[in-house]
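Visitor: Dock the two chains into a complex; use the hints.
So the protein lines, in turn, are chains A and B.
Counting from 1, one number per residue, gives the positions in the first sequence under the numbering used here.
Counting from 1, one number per residue, gives the positions in the second sequence under the numbering used here.
Hints are not guaranteed to be accurate.
Claimed, not checked - Which residues of chain B face chain A? A partial, calculated answer using Cβ under 10 Å:
(1) P23
(2) C189
(3) R193
(4) L204
By construction, these hints were calculated from the structure, which means they are not laboratory data.
Here the structure is a predicted model, which is why all the values come from computation and not from measurement.
Quick reminder that beta carbons are idealized off the backbone N, C-alpha and C, glycines included.
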Amino acid sequence: MSPEGTEEMTDSFLSIKNIRKTYGSVIAVEDVTLDIAKGEFLTFLGPSGSGKSTTLFAIAGFEAPTSGEVILDGQALLDIPSHKRNIGMVFQRYTLFPHLTVGENVAFPLRVRRKSASEIKSKVAEMLELVQLQDMADRLPSQMSGGQQQRVALARALAYDPPVLLMDEPLSALDKKLREEIQTQIRRIHKETGVTILYVTHDQEEALRLSDRIALFNQGRIEQVGTGHDLYFNPATRFVAGFIGNSNFLEVEAQGARDGRAKAVFPDGTQMDGVPLHTDGAGNEGSVLMVRPEAIRLETAASQGAGLPIRIFDTTFLGDAIQVDGRTSWGQTVTVRAPLSAGGAQGAGPGDTVNLQWNAEESHLFSNG
Amino acid sequence: MTTATANPAADRSRMKGAALALPALLLLLGFFVAPVLSLLVQSVTEPSFGLQNYRELIATPTYATVFFNTFLVATLVTFFALVLGFPVAWALAVLPPRWAGVIFAVVLLSMWTNLLARTYAWMVLLQTTGVVNKSLMALGIIDTPLALINNLTGVTIGMVYIMLPFIILPMQATLRTIDPATLQAAALCGASRWQAFWRVLLPLALPGIASGGLIVFVMSLGYFVTPALLGGTSNMMLAELIAQLVQSLLRWGMGGAAAFVLLVITLALYAVQVRYLGAGRTAVGG
Ligand SMILES: Nc1ncnc2c1ncn2[C@@H]1O[C@H](COP(=O)(O)OP(=O)(O)O)[C@@H](O)[C@H]1O
Ligand SMILES: [Mg+2]
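This is chain B alone, in the form it adopts within the complex (with noise of 0.2 Å):
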């Protein structure tokens, strides 16, 4: 048997929890809700009713083709962030405050420049003349300059780079949280360095890297700036090619089917992490 309504207290608490949080129910609805709602009735209705725009968007090459981009940077941006951003997390999170500090203050400020202003830097930078390109010649590296703008290859530089801070932060407030005594007890029982990276670090670290992971690979999916300004023609992610059905081809059917579904793959991975992450929850117990 189960009984749900034990605790009478519980339950005036959560009414009391549900009026304070009215006002933000409210504008969600206004500013989020109601436009969704709008795109979810556009794309079932123009230009005329039922489900044409959905199946034109799985049967077009094109727009799998779209799809199959998104994913692949979405994938490439989360693993090189994770890859790169773990050593800065664990610096910021055992380095002596003052070191972190700074390191901290150049993640945040990085993070504050103005999106476009870091976008057009690495254009100046990977462009066929840019520093890159013109360093590794005169190092004797390479003879032709390679192709670091238009492509995959941009895209996923630029990226990563501004998604760095958004790995950065959620996992080295988990990596603060191990108690480097851990780390020391791993060594003494016979860890190598390495051993207590898989063993122990890696483990403890999960929850931090899951959600640092996620919150990037969903925010990749959706992004338009750097793709639009580093990458080529053939690398159209999917909001850039809603913004084109929209924009150009005013076919806000299509646009609004394309967004709906990036809407219900960024909820189910939401939905996801709730489930097995846990807003709160570690790996650790329970």
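Okay, chain A solo, but in the shape it has when bound (with noise of 0.2 Å):
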């Protein structure tokens, strides 16, 4: 046995293989796989329909995939029936049983298994206080915040110690504010109980905050699979580029591509050597090019005489920054986030023509597909 077989097979506790799910002619699910390490926190990233719940509702049981497997922790999951996975899971909707009190639906699954008196009675105390809703054993859901109303789902989904909690955008329907604090809340409850999480999440910023790493979904795939770091410094793809963080794409030719790297030539001749090239499957070579708004440095066209000239339209005040927005000679928009500290042409007012620059390293050519 490889010393690496033996590393992957340590290192993955849940694992999805080529999971697929149809409806008719609609493919909820083209073909997803990936490895998730014990007491990781893995985000499900990506746009409204891309395939996120039906993917984790492969996990759960409540849909089974059209092909594909899923192991956890070295068991096939997929011919067990939902109430025999022990998993977790809290819901987009609000799921709490409307009948029951919240200590009651903290208790539910330890009644179906079946504990004694003394023991719910001691876990569901303990759970509550996770939660910190020590205090409101005793109300109906209904008599509760939605943010309170998940997180009560939250103690009810970890109250028999599942090693796997699923949760599908439980905070989507809360304001800004609260979500901020459940996610901490979250976020420390992960710490407390190691638990393995699977998040599904629409909102890259609470992607960002919460996840260990993010796997990014478009159209039923994953795109990349990293850490928040990975994605917005080292974009797999296009769709990874554009989807997190803001991002400017010009349009380039890819010359000389050589390990990796390639010469982007700009429609008005203006080249860049050495910019990381990713060409997808089919092997196109980039033929635009990405760079983040904040990478890019302003020369007045007189200081330096290098870079992509641009003509400024509109400068933003943003405290910290100062946002520049210009066109290049053949009309494509541009904006730069350049600190206030920063020397160069940050004085430059519309109608001004600056050259822009930034490291080869952090931009990178893709395929314009």
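Guide: Put into structure tokens, the structure is as follows:
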């Protein structure tokens, strides 16, 4: 057995293998493969309809996938009915049992497991304390706010110590402030319990704040898996670059591709050497250059000479930075976000022509798919 | 201290509501309250003034049997209608709209078909030489025809069929309000289908079950056509008794007394519903 093989086996606590799900002619999930380590907080991020929930539901057992496998801790999961999977889940909608009090809701999974009364009592107390709702055991769900209900749902899902906790956009119905508050609680609970969490969201800020790793979904596939840092600074595809953060996409021609790099030639003849090149599966060479607004420096046309010239049409003061919007000679708009402390041409205004410079490392060439 | 008239706006809207309800109230007065009052008056004046009709109603064993039959049939019908109606209501609530629409149409069509026609259809099906008996005999399940008509069985079968829509409609309305995700949550919590049914679905469906059950029970108490056609002489129910007292025996006072007792029982059951199940209120919350 190879050492790599061993490592992969110990690493993967939950394995999703080639999951595919179709509804008639609709492909909900095309082909998803993913390994999740024990104790990891992994987030499915992606636009609505990209197959995040469908993948999660396959793990929960509500919808059998058309094909593929799910292995949890060495055990094939798909042939086991939902109620025997021992998985925790918090849903997008409020799913507390409305006829039961908060305490009875948390006790529910323990009751159906026929735990002793004393065990149930202490576990319910422990769980309500975990979500900081210990004073609300006797309330009915209808007497609680949405945020409180989701915290009870979290307590109910963790009451039976599941190896994996699934969360499908649990905070999407809450306002921003409350959402951030509960995000902080979720992080704390993840640390305290060490439970492996699969979290679904379409909100990149939420994904970046919570996750160890993010799997970025697009049209039923995973575009890239990695830390937020990876996805931000080393996007594997144009979709990732466009989805995470703000980006400029500029028309270029990639020339002389070698060792994963190429020379970018802009329509006005400006050139830049050594830009990382990302070829997609078809092997098309890049024809669009991505660069973040904050990676760009502004130089006056006179001071340095080199760089991509643009004509400024708008500047916006942002407090700590200034946003400059300009147009290239062939008419594409470019956004620059320059810190106020930076030198160069930050004093330039509308009508001025400036040169844009950036480190080749901080830009990426993609196929214009 | 109570402040019943703290809100003049609410009072005004209440008065406006009363004014709008006036035509309906007059209609009720003319077509419902007046006949009931005359019934009540007759029951204590015919043939002479006093409570002798009620005394006879209580004291005569034949009448007691009729009351017993009536409650027995209503209970059986309600029970079977609930048991058979629940799966249909559930299907209506969870099936995709197209399939639910088909079931809905069948339920409504049967409800709108003439009552006599439906009851005669059951007579044809259930008689000794009817389709049911013939099929069972052809399959070798029975040797001699079962007595399915002119007895309690016939009445129950015929009435359950007629009452089903009245139980399915309120029940599916309640079941529709239950989010399927709640049941998925129950499953992930470890509840088997059986446990999810008893611990989650049934308690949540209870308001619909109770109101549907009560409607059917009350309707069954006063039912005439089906018991008259499918029942035997030993299964006489209250409505049949009243008809017989009035039409054949011309004992208007006795008929009035029996009808009035039926009315009181019905109103009492209605009061129970309003008090404990409440229109617009559910078992949840509050
Ligand atoms: N029951 C279903 N029938 C038909 N199409 C479905 C069904 N469930 C999901 N889909 C489709 O599958 C795709 C992925 O859905 P979903 O996994 O819910 O996306 P997400 O959770 O990422 O928003 C969507 O296009 C959706 O319309
Ligand atoms: Mg979703």
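Visitor: With reference to the structure, classify each hint as holding or not holding.
Guide: Evaluation of the provided hints:
1. P23: violated (38 Å)
2. C189: Interface hint status for C189(B): holds (4 Å vs cutoff 10 Å).
3. R193: holds (8 Å)
4. L204: The hint holds - L204(B) has a Cβ within 10 Å of chain A, the shortest such distance being about 6 Å.
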